Amino acid sequence: MLKFIKHHMETISGIEIYPIISFLIFFIFFFALIFYVVRVDKKVFSDISKIPLEDKTTDHEEV
Amino acid sequence: MFEAQNESQSQSLTIEDHPAKNEKSAGLETFSYDNKTVRNFLIATTVFGVVGMSVGLLVAIQFVFPEANFGLQYTTFGRVRPLHTNAVIFAFVGNGIFAGVYYSLQRLCKTRMFSDTLSKIHFWGWQIIILSAAITLPLGLTSGKEYAELEWPIDIAIALIWVVFGVNMFGTILKRRERHLYVAIWFYIATFVTVAMLHIVNSFELPISFMKSYSWYAGVQDALVQWWYGHNAVAFFLTTPYLGLMYYFIPKASGRPIYSYRLSIIHFWALIFIYIWAGPHHLLYSALPDWAQALGVVFSVMLILPSWGGMLNGLLTLRGAWDKVRESAILKFMVVAITCYGMATFEGPMLSLKNVNAIGHFTDWIIGHVHIGGLGWNGFLTFAMLYYLIPKLYGNKLHSEKLANVHFWIGTLGIVFYAIPMYWAGFTQALMWKDFNPDGTLVYSNFLETVTQIIPMYALRAFGGLLFLIGVFVMVYNLVKTARAGAFKAETQAQAAPLTTGYQAPRNEHWHRRIFEWRPVNLLVWSLVMVAIGGVIEIVPTFLIQSNVPTISTVKPYTSLELNGRDIYVREGCYTCHSQMIRPFRDEVIRYDPADLEYSKAGEFIYDHPFQWGSKRTGPDLHRVGKKYPDSWHYYHMLQPTSMSPGSIMPPYPWLFEQDWDKEILPKKIRAMQTLGVPYPEGFDLETIADAEAQAKRIAEGLRKDEIEVSPDKEIIALIAYLQRLGTDIKNIDEVAQVNKD
Chain A
4 MLKFIKHHME
14 TISGIEIYPI
24 ISFLIFFIFF
34 FALIFYVVRV
44 DKKVFSDISK
54 IPLEDKTTDH
64 EEV
Chain B
39 MFEAQNESQS
49 QSLTIEDHPA
59 KNEKSAGLET
69 FSYDNKTVRN
79 FLIATTVFGV
89 VGMSVGLLVA
99 IQFVFPEANF
109 GLQYTTFGRV
119 RPLHTNAVIF
129 AFVGNGIFAG
139 VYYSLQRLCK
149 TRMFSDTLSK
159 IHFWGWQIII
169 LSAAITLPLG
179 LTSGKEYAEL
189 EWPIDIAIAL
199 IWVVFGVNMF
209 GTILKRRERH
219 LYVAIWFYIA
229 TFVTVAMLHI
239 VNSFELPISF
249 MKSYSWYAGV
259 QDALVQWWYG
269 HNAVAFFLTT
279 PYLGLMYYFI
289 PKASGRPIYS
299 YRLSIIHFWA
309 LIFIYIWAGP
319 HHLLYSALPD
329 WAQALGVVFS
339 VMLILPSWGG
349 MLNGLLTLRG
359 AWDKVRESAI
369 LKFMVVAITC
379 YGMATFEGPM
389 LSLKNVNAIG
399 HFTDWIIGHV
409 HIGGLGWNGF
419 LTFAMLYYLI
429 PKLYGNKLHS
439 EKLANVHFWI
449 GTLGIVFYAI
459 PMYWAGFTQA
469 LMWKDFNPDG
479 TLVYSNFLET
489 VTQIIPMYAL
499 RAFGGLLFLI
509 GVFVMVYNLV
519 KTARAGAFKA
529 ETQAQAAPLT
539 TGYQAPRNEH
549 WHRRIFEWRP
559 VNLLVWSLVM
569 VAIGGVIEIV
579 PTFLIQSNVP
589 TISTVKPYTS
599 LELNGRDIYV
609 REGCYTCHSQ
619 MIRPFRDEVI
629 RYDPADLEYS
639 KAGEFIYDHP
649 FQWGSKRTGP
659 DLHRVGKKYP
669 DSWHYYHMLQ
679 PTSMSPGSIM
689 PPYPWLFEQD
699 WDKEILPKKI
709 RAMQTLGVPY
719 PEGFDLETIA
729 DAEAQAKRIA
739 EGLRKDEIEV
749 SPDKEIIALI
759 AYLQRLGTDI
769 KNIDEVAQVN
779 KD
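Protein chains in written order, with our numbering: chain A, 4 to 66; chain B, 39 to 780.
These are calculated hints, taken from the structure and not from any lab test.
Fair warning: this is a prediction, and the values are worked out from it, not measured in the lab.
Beta carbons: idealized from backbone N, C-alpha and C, even for Gly.
There may be inaccurate statements among the hints.
[As the list claims (entries may be wrong)] Far from chain B, some chain A residues (derived; all Cβ distances over 10 angstroms):
| # | residue |
| --- | --- |
| 1 | Ile20 |
| 2 | Ile23 |
| 3 | Ile31 |
[Claimed, not checked] Keeping only pairs whose Cα atoms sit at most 30 angstroms apart, straight-line, the calculated DSSO-like set for lysine-lysine is:
| # | chain 1 | residue 1 | chain 2 | residue 2 |
| --- | --- | --- | --- | --- |
| 4 | B | Lys435 | A | Lys53 |
| 5 | B | Lys472 | B | Lys435 |
| 6 | B | Lys752 | B | Lys706 |
| 7 | B | Lys527 | A | Lys53 |
| 8 | B | Lys654 | B | Lys213 |
| 9 | B | Lys213 | A | Lys46 |
| 10 | B | Lys472 | B | Lys665 |
| 11 | A | Lys53 | B | Lys290 |
| 12 | B | Lys519 | B | Lys440 |
| 13 | A | Lys45 | B | Lys362 |
| 14 | B | Lys213 | A | Lys53 |
| 15 | B | Lys472 | A | Lys45 |
| 16 | B | Lys665 | B | Lys769 |
| 17 | A | Lys46 | B | Lys362 |
| 18 | B | Lys213 | A | Lys45 |
| 19 | B | Lys74 | B | Lys430 |
| 20 | A | Lys53 | B | Lys74 |
| 21 | B | Lys430 | A | Lys53 |
| 22 | A | Lys46 | B | Lys290 |
| 23 | B | Lys665 | B | Lys594 |
| 24 | B | Lys752 | B | Lys665 |
| 25 | B | Lys594 | B | Lys706 |
| 26 | B | Lys527 | B | Lys290 |
| 27 | B | Lys666 | B | Lys594 |
| 28 | B | Lys213 | B | Lys74 |
| 29 | B | Lys74 | B | Lys435 |
| 30 | A | Lys53 | B | Lys362 |
| 31 | B | Lys527 | B | Lys440 |
Based on the sequences and whatever the hints tell you, model everything.
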């Protein structure tokens, strides 16, 4: 079964670039994630983190 | 109980106190939460907790009194140990996960579970799977892969029921009345999708009969897939769902929101991304390719950051509330659970460093390590959840807070009595195994000396387990009393406004919320992408690149009888005490292969479906045991281990001398092996029975010379054939020297 994959992988030219692309994707993702959580309004997070405590409805689209 | 609010009161919502104060508020919908399924899962987790831990205590006692197997094959260590691990992981923790998820998910999504029928199928399906495991494992029906021992029909059932769980969970999430997916739900989603992937990939096996199959993978590849699975079963069955529960129940029990929601977002993505790569740290210094080992180490060390981020997030939620911890047993359980999580997740990366792993691997240190996680993190968090939920569901106060505190202290002492002797035993073993005389010989050349030395530690460990179990019984009494005094509420009424349809997020809304936090399907897909990448990069190259598994021309497939003997070896769970992996250390090659000094090579395992490297050495490694002793030694040793090795704690295997090895199935086995790529000659399946009988006859005749009368049809003959073959293929071969150089 896996022989088929093997053949295809070996015939991809420039396969070496893929690890670098993967690294960049993940680096950018986590960088953006940190940027996001640092920038976000404190009130939004404090509101969300209360969801388990308030069994009321909170309409975040209105906040 | 700190949450003074009565649940039903908090649900009654008036338009005035609604924050949104718009026309939607007028359209509140009334619905009810399903408590029945939650209650059922809670009962199941308690019952199987008692069962699984009792079996654990039984196997712990067998280390001190081997006769505690009652002389029965069904209760012998090699078969009962998998029963213990499967019971506590999939029955105790599994039902605990489902109870917590079914309770919290409904409340976090402000909706009833998607389908009551699916809830029922899920509950009963899971219990039937557990029951079938409890029947098949003692019967020796096992695939021989640690933590994935269940045979193929049960594997399929697990996959189906898991999908039912997923559909029910996703259906609930999709009809939610709360747009924002609270972080606990992310962890549930990642759990669902990753466990599905792990289970399916690791369970690829070729059935040869109703309850027998061979792993699709062999040797190194099988080991890599298995530990990628095994490690991530810890990650995504014992950790991520419990982190979800932590993020829900700690705020509930303490009445405070989680310390940092920011941290929880980073925690989630970093944890699921990094965890999946760390599996190879279970195979350090083994025949696994070096690059895969290095990858495992690097990611394991990185894993400290998200793990401790999560732990601190849980603990710091209680900042300023430590006075409550003093009074509340629930919070005490939670604090110790999170602390144990922190300890285990610090210890794990440390054990992944190659120099530490050289000491810890194969010893009881690992057993101590996993029980800090199992007893402390999973056990105590489950107990906290039970103490929190049962009074709520029965509309009653806990029968006795005092007894809960008694449980807490007995349980904590139990963990201490369990863990410390295991650490002590682990270090003792490693130091004794590696101790050399000045002349270069081993100080403890007889492995048995390193076993008898630590038997007092095994006794203390069993005592620790007993304490922990007594605590559980105290809890059961307390909870039953609580339930009896109250009345079960099958439903909880609630009200909430539905989500607006066709809602468009404002442009300035943050990308993470738009893409993930409000889009459960995206979260599912990207969680899968995240975990699949780690798996693919680790596993696929081993399948693709020939040089990862150097083949050795002298390594030949097992003979028919040896193959049969190997299946008996797998059936008896020999891998639970004996490894088949000599690491490239001076002490190991001298101890296990004094003649040729050969450590185990990847190419030696290419016909091993499944691999049997093991993870623990209660007894010595067996990879080079072939031809080390005469057949008669094995015969007497299996009949009464202490006759050959006085002081041995290995149980006798008298049934191998009564039962006949299975001839009829041999052609099927050979054909299956051929399908898997083992180069038996064409048409060998027709000759296999005669071939096996001839070899059995030779062994029986050899034994007769030593005045042993035994029928060649007995299972012991097949087992001897296999044991005598182990590791002999590469003895005194020039080619091996070449491979060593490479």
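*asked:* Between the alpha carbons of Lys46 (chain A) and Lys362 (chain B), is the straight-line distance 30 angstroms or under?
replied: 26 angstroms, holds
* Are the Cα atoms of Lys527 (chain B) and Lys290 (chain B) separated by 30 angstroms or less? -> 19 angstroms, holds
* Asked: Between Lys594 (chain B) and Lys706 (chain B), does the CA-CA distance stay at or below 30 angstroms?
  -> Distance of about 19 angstroms is within 30 angstroms: holds.
- Given the hint that Lys527 (chain B) pairs with Lys53 (chain A), test it: the Cα-Cα distance must not exceed 30 angstroms. 25 angstroms, holds
| query | Does the alpha-carbon distance linking Lys472 (chain B) and Lys665 (chain B) stay inside the 30 angstroms limit? | reply | 24 angstroms, holds
message = So if I understand the rule, the pair passes when the alpha-carbon distance is 30 angstroms or less; does Lys435 (chain B) with Lys53 (chain A) pass?
response = 25 angstroms, holds
- Decide if the proposed pair is consistent with the structure: Lys46 (chain A) and Lys290 (chain B), CA atoms, cutoff 30 angstroms inclusive. 20 angstroms, holds
Original post:
Any Cβ of chain B at or closer than 10 angstroms to Ile31 (chain A), or is the non-interface label fine?
Top reply: With a cut-off of 10 angstroms, Ile31 (chain A) remains clear of chain B, as the shortest Cβ separation is near 12 angstroms.
Given pair status - Lys362 (chain B), Lys45 (chain A), alpha carbons within 30 angstroms: Within the cut-off at roughly 27 angstroms; holds.
### Holds or violated: Lys527 (chain B) to Lys440 (chain B), with C-alpha atoms at most 30 angstroms apart
It holds: about 25 angstroms lies between the C-alpha atoms, which stays within 30 angstroms.
query: Taking only the CA atoms, is the gap from Lys752 (chain B) to Lys665 (chain B) under or equal to 30 angstroms?
result: 20 angstroms, holds
Exercise. Taking C-beta pairs only, is Ile20 (chain A) more than 10 angstroms away from all of chain B?
Worked result: 15 angstroms, holds
In this structure, the hints that do not hold are numbers 5, 8, 15, in rising order.
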